[in-house]
Amino acid sequence: MQDVIERLLAEYDPRINPYFTALERTHTRGDSDDGSEDGFDKDDFLETQIQFYYAVVFFSRPMAVLAAKIPSAELRTEVLRNVWEEHGEADPSHRHGATFLELLHRLGGIEKRDVESRVLWPELRAFNTTLIGCCTLDDWEVGAALLGIIERQFADISAILGRNIVRLGWIQEDRLIHYKLHAELDIKHSQDFFDVLAPAWHDSTIAAYKIEQGFRLGAHVFDRLYRDLYHARRRRELSTTHRAQPHIYAE
242 MQDVIERLLA EYDPRINPYF TALERTHTRG DSDDGSEDGF DKDDFLETQI
292 QFYYAVVFFS RPMAVLAAKI PSAELRTEVL RNVWEEHGEA DPSHRHGATF
342 LELLHRLGGI EKRDVESRVL WPELRAFNTT LIGCCTLDDW EVGAALLGII
392 ERQFADISAI LGRNIVRLGW IQEDRLIHYK LHAELDIKHS QDFFDVLAPA
442 WHDSTIAAYK IEQGFRLGAH VFDRLYRDLY HARRRRELST THRAQPHIYA
492 E
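Numbering (the numbering used here), first residue to last: 242 to 492.
Misleading hints may appear alongside valid ones.
Lysine-lysine pairs mimicking DSS-like chemistry, simulated, CA-CA at most 30 Å apart [stated by the list, open to error]:
| id | residue 1 | residue 2 |
| --- | --- | --- |
| 1 | Lys421 | Lys283 |
| 2 | Lys353 | Lys429 |
| 3 | Lys429 | Lys310 |
| 4 | Lys421 | Lys353 |
| 5 | Lys353 | Lys310 |
FRET-style restraints, in silico, Cβ to Cβ [said to hold, decoys possible]:
| id | residue 1 | residue 2 | range |
| --- | --- | --- | --- |
| 6 | Thr377 | Tyr450 | 13 to 23 Å |
| 7 | Gln413 | Ser313 | 13 to 23 Å |
| 8 | Arg322 | Ser480 | 33 to 43 Å |
| 9 | Asp284 | Thr482 | 37 to 47 Å |
| 10 | Asp444 | Asp284 | 35 to 45 Å |
| 11 | Lys429 | Arg476 | 46 to 56 Å |
| 12 | Leu479 | Ser313 | 18 to 28 Å |
| 13 | Glu252 | Tyr450 | 44 to 54 Å |
Keep in mind the hints are simulated off the structure, nothing from the lab. Just so it is clear, CB atoms sit at the ideal spot from N, CA and C, and this is done for glycine as well.
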């Protein structure tokens, strides 16, 4: 199983994804005007991160659905522990959505009302819908593998994002929040999923096939999300419709 994980992590290495290669190419203010020619303009970056907020706050929902489908209470507990941590262990200020919103505020003075004023991009809805659809309708092994490899990818992605936004002077290192945590925490979270899957992988070739399918789907859709966000980075769409619960089915 580990060989499959390592192969997919190499195949979908974020260092060859245009979202991250553009960020790596972006110059500091002293070296270029704004980085928009060869890199990532800060306003465009922030717009994509505003959209990514809806991936952050949604992620625990397919995870909770998945937990209910796992037949073993022992294995189910591992996933429920991750759900609990995603919710800040009952501390509202530590919920992952709250820490990401605080990051947006520190990066660009962005408030929750600014996030909710945006139209939800189809790229984000497609990603979230894939996760909830897989965890609801597919076999639990597929869903667990999908979420597990996304957690593992996000650990590397968080390290890249954190390092670059500090390098560019968009935030001071001692004020970096969310990505600093996930660069370490999501290694553990992903391993929790892999540990849940290991018995099934070794016991059944059918289960092993399902698990590999989940790994492949997760690696693909997460890589695709960042490619799509980069492609749409200059999009600016504000909602003209009042919603009592903005984007509720994708949140």
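Could you tell me which of the hints above the structure violates, numbers in ascending order? 5, 7, 9, 10, 11, 12, 13
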